[in-house]
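Fit chains B, C and D to the given chain A structure using the hints.
Residue strings, one per chain:
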Amino acid sequence: MARVGVFVCFCGANIADFVDVPAVVQEAKKIKEVKVAVEYKYMCSDPGQGMIRDAIVQNRLTSVVVAACSPRMHEKTFRKALLDAGLNPYMLEIANIREHSSWVHQKDKKAATEKASDLVRMAVAKSIANEQLHEISVPVTKRALVIGGGIAGIQAALDIADAHIPVTLVEKSPSIGGRMAQLDETFPTLDCSQCILTPKMVDVASHPYIELIPYSEVIELDGYVGNYKAKIKKKASYVDFSSCTGCGACTQKCPVKVPNEFNMNIDKRKAIYTPFPQAVPNKPVIDAEHCTMLLKGKCGICAKFCEKGSINFKMVDEVIEREIGAVVIATGYDLWDPKPYEEYGVGRYKDIITSLEFERMVSASGPTNGVPVRPSDGKVPKNVVFIKCIGSRDEAKGIEYCSKICCMYTAKHAILLHHKVHDSHAYIFYMDIRAAGKGYEEFVKRAQVETAATYLRGRVSKIYKKGDKLMVRGEDAQIGQVVEVESDLVVLATAVIAPKDNPALARLLGVSYDKYGYMSEAHPKLRPVETAKAGIFLAGCTQAPKDIPDTVAQASACAAKVCGLFAGDTLKKDPMISTINNEFCSGCQNCVKVCPYQAIVTEEIPLGHGSKELRTVAKINEGVCQGCGSCVAICRSMAISLAGFTDPQIINEIVAI
Amino acid sequence: MDYSNQIREIASRLFTDNKIDYFVGYKQNSFDDSQVPFLFTDPAKISNLVFTEKSVFNLTNYLKPDHTKRKRVGLVVKGCDSRALNLMLTESQVKRENVYIIGICCEGVLNEKGEKAQNCVECVMSDPVVYDEILGTPSGKKGYTINADIKELADKSLTERADYFEDIFNNCIRCNACRHSCPLCYCAKCCIDQETSTLYHGANTSSGAMHALMTWSLHLAGRCVDCRNCEKACPSHLPLHLLHKQNESVIYENFQQHLAGMEKDDRGAFYKYSLSDPDDFIL
Amino acid sequence: MNVFIVETDKAGLQKFYEEIIGKFETYAPVEKFGKYDYKRVLKLNECEPDSPIETTMSVKPLFFPKTAKIMKFLESSSGTTLSEIEEDPLSGKRVILGVKHCDARSLQVLDHVYKWDYIDTDYQNRRENTVIVSSRCNKAGSQCFCTSLDYDVENSDAHDVRIIYGLDGKIYIQAVTEKGITLLQTSNLTNTASASNATEEIKKLYQSFESSFRLRMNYAEINAKLQNLYDSPEFDIVSSNCISCNTCAFICPTCHCFKISDEKIKDTGVRYKSYDSCNNGYFTLMAGGHNPRPVKYRRWRQRAMHKFVYYQDRFGVNLCVGCGKCAISCPVNISIFDVVNQVSKNAGLQN
Amino acid sequence: METEVKEAQSKIVSAENPDLTAPADWQPVIMGILCNWCSYAGSDLTGTSRIQYPPNIRIIRVPCSSRVDPWFIIKSLQSTADGVLISGCHPGDCHYISGNYYARRRFLVTKKLLNFVGYHENRVQFSWVSAAEGPKFAKVVAKVTDDIKKLGPLHRYKKENF
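Protein chains in written order, with my numbering: chain A, 2 to 658; chain B, 845 to 1127; chain C, 3 to 353; chain D, 16 to 177.
Pulled out of the complex, with its shape left as it was, chain A reads as follows:
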């Protein structure tokens, strides 16, 4: 038999002025289950809570209704009061008579009072159907998995590891470093990318709390927040890293030459190679697609010259498992292939290159030792045309969005060009200049003033060859005329796009991704770091195009989230989640279909008492369920109920007035 206590709050004048509180108390007293109904100035105050605690004890109350402000205000406060009085905190219901009555019906006290009484009735009726609930605690494995070893992954890994939480960093290429390692200098300060990145890379390699697994990929992820199990495929490198000293003899002697992807295929690398001099780990790997030994079974020169005998052609892919509690996705970005721009002669004219190719050229450690040259004849270009928004903001050929970083790096390129080739001149075709960011606008000014780059507002319509020059025709919108620029080299600022593997990875991890293939954040404003799947976070361009500062910031945010998640030994979870009543479950599995969190699985249970025959029923994964109730409403046999919002509770409210 339910024994309910009703506590009506004046909230100073907030409620009392517009609702006849004593009348509400009198109404409440009429309800059968109500054993005590009282009013007080401020229920949330200590004396107020004291009243509640005493009443619970004196009247042996089974549930409590507080008629006051919105539950979003003080639910926690009053739950604690119940707990202190030895009552299950979830036996509390709140009648929101301030936000929903006194504040919104200030002209009609009678009606406001009636409504308040009804809200109290409803709350009482609901509370009668309340069940005792207990916080769910899920154990956590305190190890984070970081996918991607670019600056985002590196930063996240380091920050997490610095909190003495073990990190497994998985990088698909032979070395960490990512795109940033390919850059020469970085805007807006023009400090050398390598100089600021490589120390961090070394830290990663030497950090006691970081397990670096290069040349490998995540192929499977099971479980739920705090309790994931990841399968990681280590691709065969054919080099035993433990014994290899990275002397490089093998690489020198290898006869096979392959286009060097790290240098955007401008020069060649060997079949056994380290991607770049500062690579971490600085150990070579054999590129199985090109190694003659692996393809034809002949050669093996590298093995001959390896003093340590670290080369092992028999090596095979290996799958390892890691138990982890959280995942950070930092898979970075790709660049859009400008082929569709036929009118520019992309593909036909050698001297049209992408900005990352330019970036490699001007890089001191790059294929041309820091001097930009024309691919066609190796001459140093004088007039260089930079064209922005290639693929970006272009629904016809490319994608709708703005790639965010092109304005800045193009300005940077203009400056770098000036540094490397003093008598050169840069022309920049642009749609807008988007230089929002600390020191960015100044940086663009610097390009325009110091290096006297010519900024031409307008789209390029055509590029054609005249002698060994490229004639770039476009419109200068400011003077409203067609201009033609005679150039030696054309650099296309191609759009930033999501890595092509992102959707596959997203599906594998069970997170959602947008139509471009970027990973989706849980909330565009308030949860930009989390995914909808608890315990999986996003860092860097895998979520959307970003510059380095933003990427690093988001990576550190991920680290903070992970540390927060691992703060306790168990994860505390709100018990207001779904539960399945096997007796009624007919196993149609429609709930599995509609659950947005893949929180529902199936299990086999005996058909009847002690029968061998099995039947399938749904099973809620406590760790994953977020308590939205979608499954409850679609369950035709009412086998699912959502704690805190059960059908009886809600129907009680409906029929209470």
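FYI, nobody ran anything at the bench for these hints, they're computed from the structure.
Just so we're clear, the structure is a prediction, and the values are computed from it rather than from any experiment.
In this text, a Cβ means the ideal position worked out from N, Cα and C, and glycines have one as well.
Check the hints yourself; a few may be wrong.
[Claimed, not checked] Label-pair distances were calculated between CB atoms; the ranges are: (1) ASP18/A / GLY291/C: 50 to 60 Å; (2) GLU941/B / GLN126/C: 53 to 63 Å; (3) ASP109/A / LYS995/B: 39 to 49 Å; (4) LEU1119/B / ALA397/A: 15 to 25 Å; (5) VAL320/A / LEU1119/B: 13 to 23 Å; (6) SER1120/B / HIS423/A: 49 to 59 Å; (7) LEU1119/B / LYS30/A: 47 to 57 Å; (8) ALA505/A / THR286/C: 47 to 57 Å; (9) ASN1014/B / ASN140/C: 27 to 37 Å; (10) PRO33/D / ASP865/B: 57 to 67 Å; (11) VAL320/A / GLY291/C: 39 to 49 Å; (12) GLU221/A / LEU1119/B: 26 to 36 Å.
[What the hints assert, rightly or not] Subject to a maximum C-alpha distance of 25 Å in a straight line, what follows is the list of computed DSS-like cross-link-like pairs (lysine-lysine): (13) LYS1108/B / LYS898/B; (14) LYS71/C / LYS33/A; (15) LYS960/B / LYS34/C; (16) LYS1000/B / LYS34/C; (17) LYS151/D / LYS110/A; (18) LYS141/C / LYS957/B.
[Claimed, not checked] Covered stretches of chain B (chain D as the covering partner; in silico rule of three or more C-beta atoms under 8 Å from a C-beta of chain D): (19) 995-1004; (20) 1008-1021.
Coordinates of chains B, C and D only, in the frame set by chain A:
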């Protein structure tokens, strides 16, 4: 259409090859020319099997554990029946390996008056959508037509409609024959009968009947295949198809022309959504 | 009992009906959704008391309605207070026209259970205040087998007045009980036919009716056999086609199982009593979770045995009146007639 | 075609059965079911910004509009309520990613079905109200209340009538 002989042959083959434990077909009624479902385990009874345009009842109802106890069943399905079966398979009520399906390319069955039944006139898919063996020649998917009675009622005034349906709910005796004859009402215990829940509305009043029938029809919305077992079973002869056809038409018009049970693994309109679903009715 | 017969014709009968409808709260077969049921009528043209078609529901709902309020309750700080239902909608002075004799008989059968351990006063009032005017069948329906059972169809006193459709348009109105006699005497019916020659004709008519039956059984034998067939495997076979849809029980004139349910709004509620059926899978489900009749053959056994054995044992009458309504309404045409026959026949073979 | 709702100056006529009327000052009861994250927060905002709206609505809090079983609507209409308002997050804003999309489908079918069996279409209404749309919530409630006042009291299938 008369496939009696073919079905008898298949049935005896299935029994001799020990492919099935039960066979569900139709047999002639003892006292008039109507037919009744015929569930049997004894091959000797095969000779009673018939199939003509009087084979009305949707036999997939017998796949419920109550009747065939999760054993191997051979059964005859018409177009609409096979759609129901499709859903039962998708909703894992039946194991595919446990049913041997004889699909009939249906030419429409007859109602009591001997005319082609309304649901057959408006039938969209008279060919079986899932089967092991098919009899007759497929005629393909046909265009969807909004049920004639729905149209008629929609033109009536609100009060007329309200009176009409109140009459229906008043005449319901809540025997639940509609439910038990529906192959897709397989719940372990129907929500409407769960005395334990506050949702329970056991009284046999018109409000109780309205509550029960409306909920029932909403649980079948996007799943009902219009076989009209419910109507045949209803002792009060209530036009139950109205509720289902209404939902069906709304769903067809608004949710990518969805029709129940047409494709494998389609769970029905309420278990998926589209970003472009109508939103204009929401303030 | 002094037989009171009035001879008249179609027109006279019509007048008689109209007079009754004018005088009393009258019920008669009315067509709705293509089937006939006993409904309140205010004008003769609304109903068809002479229709040969059997009604889907029997007269049962007029005495044991599909749902009825048992009591009201009010919840307040002082606890729950119960209150009687002030007005029974079926307790008025009533006449029912066009009742088939099987329906009339069913009431006699039900009377036993309603004045057994607990006297259902509502039911008693309804019975006392109701005059039943039956119209005799001249031809048996496809599922009828009333004549094979434990009561004398022709000389039954289950009805108060009986309409007999004689040859060449002659119609006899026969009062059978005191209630019936007063009804006739107080009516403006004239020319009392000499009982004798009428009864001759009536006898003849009955013979032709009797000979029109398709279904016949030896009731005594079946009743005797079933006594020891509780464990007969036949029940499983005869019930195999059943889809447990409950229709039979709900429309059966003598089934009288019910369930109780409360409907509550705010602080007031009503307790209802509504039909239920033993064919229902969880009719016997107990709070503890045990269900003695989880499978349908057990439920069918219960149904058959209750109708043909248990009730007979307790009250000395058969619970089935042979109206065949269940077979007609059954979506898979299972007939209690076939069930009891098959079970007892095949069991006979086994012994 | 809907029946026109005639409003005599003296009394309100029930839309579903014209022979039933109510005095002109009759006040309907409206059951409001709001999702916790958007609409309930929005209604709180209406309160904190002291925006006034008619007092006829009684609010029930559910985690998500997808928690709303059509049963709740039917049950409300059979109980005291003369109308129902259900409100959730705008499409795309659902706190639980996709809840309101599933709900939206059920709502449309339920609304049409209820109208089909003889409830005026305005008896049951739906809205998307975000946590920031305090003013909108007030507007919505005002509109719905006004609509339902015009429709008059709901008598059909009311439990107390039986």
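Cross-check of the supplied hints:
no., hint, result
1, ASP18/A / GLY291/C: 50 to 60 Å, "holds, 55 Å"
2, GLU941/B / GLN126/C: 53 to 63 Å, "holds, 60 Å"
3, ASP109/A / LYS995/B: 39 to 49 Å, "holds, 46 Å"
4, LEU1119/B / ALA397/A: 15 to 25 Å, "holds, 24 Å"
5, VAL320/A / LEU1119/B: 13 to 23 Å, "violated, 38 Å"
6, SER1120/B / HIS423/A: 49 to 59 Å, "holds, 58 Å"
7, LEU1119/B / LYS30/A: 47 to 57 Å, "holds, 51 Å"
8, ALA505/A / THR286/C: 47 to 57 Å, "holds, 55 Å"
9, ASN1014/B / ASN140/C: 27 to 37 Å, "holds, 33 Å"
10, PRO33/D / ASP865/B: 57 to 67 Å, "holds, 60 Å"
11, VAL320/A / GLY291/C: 39 to 49 Å, "holds, 47 Å"
12, GLU221/A / LEU1119/B: 26 to 36 Å, "holds, 30 Å"
13, LYS1108/B / LYS898/B, "violated, 28 Å"
14, LYS71/C / LYS33/A, "holds, 23 Å"
15, LYS960/B / LYS34/C, "holds, 23 Å"
16, LYS1000/B / LYS34/C, "holds, 20 Å"
17, LYS151/D / LYS110/A, "holds, 23 Å"
18, LYS141/C / LYS957/B, "holds, 22 Å"
19, 995-1004, "holds (count 6)"
20, 1008-1021, "holds (count 4)"
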